[in-house]
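A.B. asks: Protein chains in written order, with the working numbering: chain F, 115 to 332; chain A, 2 to 333.
Just to be clear, a hint being listed does not mean it is correct.
Claimed, not checked - Selected chain F positions facing chain A (in silico; Cβ < 10 angstroms):
1. Gly233
2. Glu236
3. Pro255
4. Glu256
5. Val329
6. His331
To be verified - Label-pair ranges, simulated between beta-carbon atoms:
7. Glu6/A x Ala144/F: 43 to 53 angstroms
8. Asn164/F x Tyr12/A: 15 to 25 angstroms
9. Val221/A x His232/F: 28 to 38 angstroms
Claimed, not checked - For lysine to aspartate or glutamate, the following EDC-like pairs were computed, each having C-alpha atoms within a straight-line distance of at most 20 angstroms:
10. Lys119/A x Glu133/A
11. Lys98/A x Glu229/F
12. Lys119/A x Asp102/A
13. Lys216/A x Asp228/A
14. Lys216/A x Asp59/A
15. Lys219/A x Glu167/A
16. Lys84/A x Glu236/F
17. Lys98/A x Glu133/A
18. Lys136/A x Glu124/A
19. Lys158/F x Glu56/A
20. Lys98/A x Glu236/F
21. Lys84/A x Glu56/A
22. Lys216/A x Asp23/A
23. Lys219/A x Glu56/A
24. Lys98/A x Asp231/F
Hints in this document: simulated from the structure, not taken from any laboratory. Beta carbons: idealized from backbone N, C-alpha and C, even for Gly.
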Amino acid sequence: MFDNVDWGDIGQATIDTLLMLAGSLVLTLAIGIPLGVLLFLSGKGRLASNPVLNGVLSFVVNVLRSLPFIILLIVMLPVTVLLVGTSLGVAGAIPPLVVGTAPFYARLVENALREVDHGVVEATQAMGGSTWQIVTRALLPEALPGIIAAATVAAIALVGYTAMAGVVGAGGLGDLAIRFGYQRFQTDVMIVTVVLLLVMVQILQMIGDWLVARVSHR
Amino acid sequence: MIRLEGVTRRYQSRAGGRVALDSVDLHVERGQIFGVVGRSGAGKSTLIRTINRLENPDEGRIFVGDAEITALNPAQLRAARRKIGMIFQHFNLLASKTIEDNVAFPLRLEGRSASEVKSRTAELLVRLGLAEHAKKYPHQLSGGQKQRVGIARALACGPDVLLCDEATSALDPETTEDILGLLEQLNRELELTIVMITHQMEVVRRVCDRVAVLKDGKIVEEGATVDVFLRPQHPVTQAMLAESDDGFDAAMAPANAHIARLIFQGTSTYEPELSRVARTVGVDYSILSGRIARIRGVPCGQLVVAFTDGDAEAALEQLASRGVGVETVGGR
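Can you make the complete structure from the sequences, with help from the hints?
C.D. replies: Next up, the structure:
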């Protein structure tokens, strides 16, 4: 049992996966939240309604979301090299991971903002709040549980994507699973990597749920 | 204090345009509690929301205090809104913030210093009896308490005007009474001008100095609450009052009776005028319906009386000469 498993490799791969996850999650949030806010605000009947901007953003988001991630990985190769100087390893995996996840996360953020009672926006307006204040002081705090829950979903999707990124030489647990578990028929390696990914997903979900519970006051 | 001149608001939809407000003129004096009533869809909500321009009128001018609200640029409008408090049917508190932070919210938006925010918030919480709830979240409070938080928040920046958008419609009768008492007190103590829209006639009867009745975006009747309640002119007003009243059924009246509505107002309400007149003129009467109540603190009574025997006309003349309002409703 576990004859083929090189625990040193597994350890390194786990670290790589975690690094990819952390790096791409941070960037996904940094891009997805503002993008989600823009999608929301520019929507019909919203605070900064702008059909043209909304149409363009929506189209770009839909295009990126409709590309299968495996295709995106390959399409992104030259862009990745341009951005980070390599398409390999942890650094090379982060650009496609972010491009794959941020648009999807932005939609989730937009939905979370839509869930906020319009009365709260109106009350803030009636108090003399500017659009910036309405977004930062009312909308985002009120939508925070939803935004965190969406971040959990995005993080778990990223775990899956990091595994796929192994195909183009990103390293990490997915890479191990494919090269050893699949191509060399080392079932034990496959089992170990899958279990580790499963544990990661479980932990992410628990952290997400805990955070949501902490910031929810309903 | 508040003046609307020819305010018109149209809604465009695929089904065509709809006029929500049709050239509305309104004048609310400083320190008044002004009620706007109407059925749902009459344009009440649109009307109150144009005052702080949560909705922009398509035509007309709006003045609050010295400022022409309709002529302000966005920055000026935000500054003006700080002096116009607003409370809502569903309170619209921020669920993510404590009661304390909800009350402090407008002060922070305005950019007041931390120490100022702290002292002003504490003062408001005490004034509205919310001090013990300071650290709680809105979901932990009852409806009446939430509306108190809404009021505290609306008062935070020291407004001259308070707009109440169906502020008691989601509350039970007892809590409604409590909130109305509070609004009355604030009106008195802070000389706060209050505009409230409601579909509850009882609310108007209880606190409003003046009332306007809105139908299809037009004001169909306006006047002192006592006058409008005792002598409603427009069918909509009459219908809305009849619903909040027991009313009487003309078919149930004794045959050959002369039916009249008697209106008592002020101190005469408590005088035994009817029985005195009945004795001197020698008529018999039965009361078909009646109500003695206070309208904005003034005692008022309305009786529908059937005179069955004797000279009803003479009795009514006598009553009128004693200051009782008399209207013949029906009968012989």
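A.B. asks: Against each hint, give a clear statement of whether it holds in the structure.
C.D. replies: Going down the list of hints, with the structure as the test:
1. Gly233: Constraint on Gly233/F satisfied, holds at 4 angstroms.
2. Glu236: holds (6 angstroms)
3. Pro255: holds (4 angstroms)
4. Glu256: Constraint on Glu256/F satisfied, holds at 5 angstroms.
5. Val329: Val329/F check passes; min Cβ-Cβ to chain A is 7 angstroms, inside 10 angstroms.
6. His331: holds (4 angstroms)
7. Glu6/A x Ala144/F: 43 to 53 angstroms: holds (50 angstroms)
8. Asn164/F x Tyr12/A: 15 to 25 angstroms: holds (21 angstroms)
9. Val221/A x His232/F: 28 to 38 angstroms: Once the Cβ atoms are compared, 30 angstroms apart, the range 28 to 38 angstroms for His232/F and Val221/A holds.
10. Lys119/A x Glu133/A: Given pair Lys119/A, Glu133/A holds - Cα atoms ~15 angstroms apart, limit 20 angstroms.
11. Lys98/A x Glu229/F: Status holds; Cα separation ~17 angstroms.
12. Lys119/A x Asp102/A: Within the cut-off at roughly 10 angstroms; holds.
13. Lys216/A x Asp228/A: holds (19 angstroms)
14. Lys216/A x Asp59/A: Holds, at roughly 19 angstroms.
15. Lys219/A x Glu167/A: Holds: Lys219/A and Glu167/A sit about 19 angstroms apart, inside 20 angstroms.
16. Lys84/A x Glu236/F: holds (16 angstroms)
17. Lys98/A x Glu133/A: The given pair, whose Cα atoms are some 16 angstroms apart, holds under the 20 angstroms limit.
18. Lys136/A x Glu124/A: holds (15 angstroms)
19. Lys158/F x Glu56/A: holds (16 angstroms)
20. Lys98/A x Glu236/F: The hint holds at about 16 angstroms.
21. Lys84/A x Glu56/A: Holds. Lys84/A to Glu56/A sits at ~17 angstroms (cutoff 20 angstroms).
22. Lys216/A x Asp23/A: Distance ~10 angstroms between Lys216/A and Asp23/A Cα, so the pair holds.
23. Lys219/A x Glu56/A: holds (17 angstroms)
24. Lys98/A x Asp231/F: holds (14 angstroms)
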